[in-house]
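If you're matching them up, the sequences are chains A and B in order.
Mapped onto full-length UniProt numbering, the consecutive letters of the first sequence carry residue numbers 1 to 74.
Mapped onto full-length UniProt numbering, the consecutive letters of the second sequence carry residue numbers 1 to 352.
Since the hints were made in silico from the structure, they are not lab data.
Check before you lean on any hint, since a few could be wrong.
Computed beta-carbon distance windows for the label pairs [what the hints assert, rightly or not]:
id, chain 1, residue 1, chain 2, residue 2, range
1, B, Leu72, A, Glu51, 37 to 45 Å
2, B, Ala68, A, Glu51, 28 to 36 Å
3, B, Thr218, A, Thr68, 28 to 36 Å
4, B, Lys175, A, Gln2, 18 to 26 Å
5, B, Ala276, A, Thr68, 24 to 32 Å
6, A, Gly53, B, Ile7, 41 to 49 Å
7, A, Thr68, B, Thr277, 19 to 27 Å
Taking lysine to aspartate or glutamate pairs in the EDC-like style, the calculated list, with each CA pair at most 16 Å apart, reads [claimed, not checked]:
id, chain 1, residue 1, chain 2, residue 2
8, B, Lys331, B, Asp29
9, A, Lys20, B, Asp29
10, A, Lys61, B, Glu192
By construction, the Cβ of each residue, glycine as well, lies at the ideal position given by its N, Cα and C atoms.
One letter stands for each residue in the lines below.
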Amino acid sequence: MQVKLETDGQVCPFPLIEAKSAIDDLAIGDELVINFDCTQATEAIPRWAAESGYPVTNFAKAGDASWTITVQKQ
Amino acid sequence: MLISGLIVGTVLGFVLQRGRFCVTGAFRDLWTTRNSRWFTAFLVIVAVHSVGLFALQALGVITLEAEAFPWLATIVGGFIFGFAIILAGGCATGTYYRAGEGLVGSWFALIMYALFSAIMKTGPLSGFNTSMRGITIDASTIYGSLGISPWVLVAVLVVAVGLAVRHHLSKPKVKIATLPASKSGLAHVLFEKPWGAFGTAAIIGVIATVAWPLSAATGRNDGLGITTPSSKLVSFLVTGDPELVDWGVLLVVGILLGSFIAAKGSGEFRIRVPDATTIIKSIGGGALMGIGAALAGGCTIGNAMVQTAQFSFQGWTALGFMILGTGVAAKLTLMRKRPASTPTSSTSGVSV
Chain A
1 MQVKLETDGQ
11 VCPFPLIEAK
21 SAIDDLAIGD
31 ELVINFDCTQ
41 ATEAIPRWAA
51 ESGYPVTNFA
61 KAGDASWTIT
71 VQKQ
Chain B
1 MLISGLIVGT
11 VLGFVLQRGR
21 FCVTGAFRDL
31 WTTRNSRWFT
41 AFLVIVAVHS
51 VGLFALQALG
61 VITLEAEAFP
71 WLATIVGGFI
81 FGFAIILAGG
91 CATGTYYRAG
101 EGLVGSWFAL
111 IMYALFSAIM
121 KTGPLSGFNT
131 SMRGITIDAS
141 TIYGSLGISP
151 WVLVAVLVVA
161 VGLAVRHHLS
171 KPKVKIATLP
181 ASKSGLAHVL
191 FEKPWGAFGT
201 AAIIGVIATV
211 AWPLSAATGR
221 NDGLGITTPS
231 SKLVSFLVTG
241 DPELVDWGVL
251 LVVGILLGSF
261 IAAKGSGEFR
271 IRVPDATTII
281 KSIGGGALMG
291 IGAALAGGCT
301 IGNAMVQTAQ
311 FSFQGWTALG
321 FMILGTGVAA
331 KLTLMRKRPA
341 STPTSSTSGV
351 SV
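Model the full assembly from the supplied sequences, consistent with the hints where possible.
In structure tokens form, the structure reads like this:
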């Protein structure tokens, strides 16, 4: 299953706080798609995923100051 | 040569934006995630700057001035400032460079910060500010009170920060996902590649050191500073007195410019309007930031990076109370139990 989390308009650390709380509710193997526009999150979210052992299955720029990252719960 | 202020500011703004260097995050993470990676990077700046500063003094290039320690204003101001940067979503420099990225919330915070620092320094609250800062104890620097060479403290700091950096770098490497590259060569390094925290910090430490002689050459015997220049910028805008435009004023204008160039060049500039709650928090946070920084005698740059590098009591006391203020604000706002989120529906903001 894939779940979407929209965090546009929120500055750090809120996109990461939302992502942490959203992934708690997912089952192993589910994916969380996080859309964000906070520049610092381009560093913070991939680092959090790596340190938590969640594989990143997609990470792309959606437009000017707009990104999407997909993290799989493990 | 006032123009060097604009150049240093532009470089600094560029580096802050590309390095995603957020001092508020560095202080906050100590409390929220118990992570000291960014705080260690922050201390790298102080250590590099401290070595540079005392070397410049030893070479006779600059003369560091010592003033009595306004302990009460530093404690109260540092705490208010630390609290405020959580509300505003960034410290003084953070707010400048996020404003350059197009974050409208930071525009509000920046305007209020500059306005309230002017109100405190030269406006109706200047009497209050002066009397608070008039409460002093006759001690200026830590090494002066201990009766030792500043180099002893520089050495202690360098070793401690070196050990902290080693601790962070020796952690097992994790593979961090990166965005696919669309540029190559220098453009890739400058406008695309993620910069490491410690490398960015070392560059900022060098910029902070270089700032001293350049600023002193224009008659402003000081390093990087944000609060007084912001206050002078406001005074200049309302009086038109060109005398107010000094090296520091051009520095802060440069930060805005540099971060805009960095954001624009890397496709990270977009006008982003937050919700009403965030705007109100930015306004309140910005105002308190101006009040706190004026009282404390500096922000995360002027106090926590420049005064600390000089080992003044004001710098280290302000740093301690800023971190404390950040902790209290983080406990009150970020670490509160959030209502159970419903990830399938949009939690906030506008869908892309």
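List in ascending order the numbers of the hints, as given earlier, that are violated by the structure. Violated hints: 2, 3; rest satisfied.
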